[in-house]
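Note that the protein sequences, when read in sequence, are chains A and B. The first sequence begins at 1 in this note's numbering and counts up by one. The second sequence begins at 1001 in this note's numbering and counts up by one.
Just to be clear, a hint being listed does not mean it is correct.
To be verified - In the BS3-like style, the derived pairs of lysine-lysine whose C-alpha atoms are separated by at most 27 Å in a straight line are:
{"#": "1", "chain 1": "B", "residue 1": "1015", "chain 2": "A", "residue 2": "304"}
{"#": "2", "chain 1": "B", "residue 1": "1088", "chain 2": "B", "residue 2": "1350"}
{"#": "3", "chain 1": "B", "residue 1": "1435", "chain 2": "A", "residue 2": "435"}
{"#": "4", "chain 1": "B", "residue 1": "1035", "chain 2": "A", "residue 2": "431"}
{"#": "5", "chain 1": "B", "residue 1": "1191", "chain 2": "B", "residue 2": "1230"}
{"#": "6", "chain 1": "A", "residue 1": "249", "chain 2": "B", "residue 2": "1035"}
{"#": "7", "chain 1": "B", "residue 1": "1394", "chain 2": "B", "residue 2": "1191"}
{"#": "8", "chain 1": "A", "residue 1": "322", "chain 2": "B", "residue 2": "1035"}
{"#": "9", "chain 1": "B", "residue 1": "1319", "chain 2": "B", "residue 2": "1165"}
{"#": "10", "chain 1": "A", "residue 1": "322", "chain 2": "B", "residue 2": "1165"}
{"#": "11", "chain 1": "B", "residue 1": "1435", "chain 2": "B", "residue 2": "1368"}
{"#": "12", "chain 1": "A", "residue 1": "322", "chain 2": "B", "residue 2": "1088"}
{"#": "13", "chain 1": "B", "residue 1": "1165", "chain 2": "B", "residue 2": "1206"}
{"#": "14", "chain 1": "B", "residue 1": "1165", "chain 2": "A", "residue 2": "68"}
{"#": "15", "chain 1": "A", "residue 1": "249", "chain 2": "B", "residue 2": "1015"}
What the hints contain is simulated information worked out from the structure, not anything from laboratory work. Just so we're clear, the structure is a prediction, and the values are computed from it rather than from any experiment.
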Amino acid sequence: MPFLLNTPEDEQAMLAAIGVASLDELFAMVPGDLRLRRELAIPPALTEIELTAHMGALARANVAAGEKVCFLGGGSYDHFIPAVVDAIAGRAEFYTSYTPYQAEASQGNLQAFFEYQTLISRLTGMEVANASLYDGATAATEAVLMSMSATGRAGHIVTAASVHPEYRQTLSAYLHHLEVEQTTVGTPTGAIAPQDLFDAVRDDTACVLVQHPNFFGCLEEVERLVQIAHDKGAMFIVIADPISLGLLKRPGDYDADIVVAEGQSLGNPMSFGGPYLGIMACRERLVRRMPGRIAGQTVDRRGKRCWVLTLQTREQHIRRDKATSNICTNQGLLALRAMVYLAQLGPHGLREAAELCLRKAHYARERLAAVERLELPFARPTFKEFVVRDRDGQVASLLGELAANDVFAGVPLATWYPELADCFLVAVTEKRTRKEIDALAASLASSNRKVAPAHA
Amino acid sequence: MRNTRATQPLFDLAKPGRRATRFPASDVPDVPLSKILPTTAVAATLPELPELAEPDVVRHFTNLSTLNMSVDTHFYPLGSCTMKHNPKRNERLASLPGMLDLHPYQPEETLQGMLALLYELQQMLAEIAGLPAVSLQPAAGAQGEFSSLLMAAAYFRERGERRTKVLAPDSAHGTNPASAAVAGFQAVTVKSTPQGFVDLEDLQAKLDEHTAVFMITNPNTLGMFEPNIKRIAEMVHGVGGLLYLDGANMNAILGICRPGDFGADMMHFNCHKTFSGPHGSGGPGAGPIAVTATLAPYLPAPLVARDGKGYRLDNDRPKSIGRVRSFFGNVGILVRAYCYIRSHGPDGLKRVSEHAVLNANYLLARVKHIFPVPQGDRCMHEFVASAAKLKADKNISAMDIAKRLLDYGFHAPTVYFPPIVREALMIEPTETESKETLDAFAETLFRITEEPADLLHEAPHTTPISRPDEVRAARQPIMVTPVTHESPAPTKKSES
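Same shape as in the complex, but just chain A:
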């Protein structure tokens, strides 16, 4: 076995020291009638050479979106990852370490968590951040649970239909057994109408959950929405796109109470949807209700500045069933990647990335709108994504035709929005070039129409 160190001689010596005759005897405490009397029915072992060949074949049976022209978004994005991110995150002392229970042996991780929290808090305009949660969907869900405990209103919440559908599904799964009433405000124009939100929020509403820019790529009128929520004593939770914060106002600046985000955009590969990291930041008054790990600054016995895991009395290993959540792990390695990414880009780099996404997406939007077969259903301003309607209603065949030519043109919306079954979502990151966008527009214009156009 490649990872075992004991030689047959070691094995014998150790068994003798224990006072047993065989390895099998070590399992005496497992009742005999429970023992598996056959081999596991799994494939035989592969050597590293064989496994490498096998995995290579599996990998080649996929089409790597990152190596093709990728306009797919919807919560996972083909952003550029600087080499520094891989180099640092690949360091074994980060990679193969564990939760920093022994602070003296983990100052690197603890300071990194602390600096991650600092960068996230500055980026979002909030006072505090935790050291990451599972992903954007669970972070949004945990934020809703926080708002219910902070407001003492456990009976009603309001979400926008423009919040990522899978985030809303996750929220529903978590809340279902708790019998919390959920109102979903429709977004027929691509974003919430303030009046609709006003009608939905009640005096017993714990929170309003909004994504900005939202799932359709549209900007919400956050400043008006936050006012409506606060007027009725509800908390305002924003799901942000961290890249957009290079350009857009910070949620803290428009008075959000909790900010969550999917951190994949910050230096993490798409990886078929995971592992990702859930970013969470909030107002200082809410910190004791926040789930997850938090690093805190203190001094050691010699008075030297140092870092520890803090406020652990919120956590499951101390409070058990009274904990703020059941979360035990975090996404430390991905948080590290996000932090290195932010440090590497700096203020100017993040601003440039955001502006390039915005400008290229805007250009793509105009080019696609000019294709006769297509139209834009929503007039709202957008950031790096936008919705396109195929007037022929042939989204699947249209996207399939382009995919066959190595262009992933967009995400069909039919799965989640029956009323948008003729629409798809196009994302444009800083990696896309004008040439690729022009080629996309040309391909969409020249693809086969089910019905020939009435005019040329």
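Let chain A serve as the given structure and place chain B on it in line with the hints.
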């Protein structure tokens, strides 16, 4: 020799005008921002991030990394966390572009290799569990627990039963009662016997028609196999409840016995522990769940299915509890788990458990004279020693030992857990350590007990810091670098 300047906080290292990453100039027509975005939506200033050049970033984080212990550098006998070697092949193979650069919404025809892998992993985990149906979606063990409790709730709801209680032993991981509470159940603690097993009388007294689930870790957190597990399953099933297995300690029984065979209805795997995902300072993990055929309809979706045309994501599961995170799951960790299982095969997985148990028993045999193990002289993959006698005789605590071990180049065991053992030292060597390392560790433990108590109270002596003031950190929490005059605002963007 340490570069202490480089590890100063990032904002202290920053200097206006420094740049690392630059992006290509925009190649699309220049339109004023105000034509694209409402001015009210745009920030007035640049984001508040430090201005650094690439060498600053590299040196800062490289130096930070050297302040950590890790599995690649040190023996890390952190009980219950299973800090075993992370095979390097897994990292390389999980990083192939055809594994890493996949978008979750790309067409299924372009994902056949990935879906085949995940399908096969579902099947292999089902076989290892002895339970027929698997969902790979939960992002961590605790989320696997939580998802399973939601499934139990859905199952009982459909049967028209309203069951409110979830039971777990007092030796259980804190995630068990916490998951029960988050899922809306009342968490009820079941006592352990002095030997650390489930107290069957107490269990019987607490089992009733309101019991939804009994959660058990087996082998338990004391490293002992619950000898009454079959009886426990019968008792739980007798009141119509479900038995949940916390799979945190599966590395002790791979190919030896299977939770489905000893009566579990549901379980989770901790892929990062059992199948050696890199822990990355606390995550990511992955917590797939395996369940009986009866419970299969409730699994979180999607699952990977196979038909004549190939592999596809199956979202058409009307009784599913839904989804518990976005997209498919923590796929990168699942790929590593797949590589791990394929590297071992049936015989190899069994050898892993045998040697995890051999190493733990050998270390136990070496230390038990000094550190009594209340549960006796045999264990599975880990054991819990007690420093209570040392504390009484010499005023040396479990924490003192843990801290002093760091000076000798060993990571500390888990201390003060499980809470039912006084001055607990929970030691899990794992199978990827040698006899020589275990001998050196045991000898170091003895040596420490001979050292003056005063020396130990101030340990560690050689680490970058020593005995941080945790009370101060919690009472006056500082969770971000305060904004100071020394951290300059970013320089204005040039108007070029």
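Check each numbered hint against the structure and report the violated ones by number, ascending.
3, 7, 8, 12 and 14
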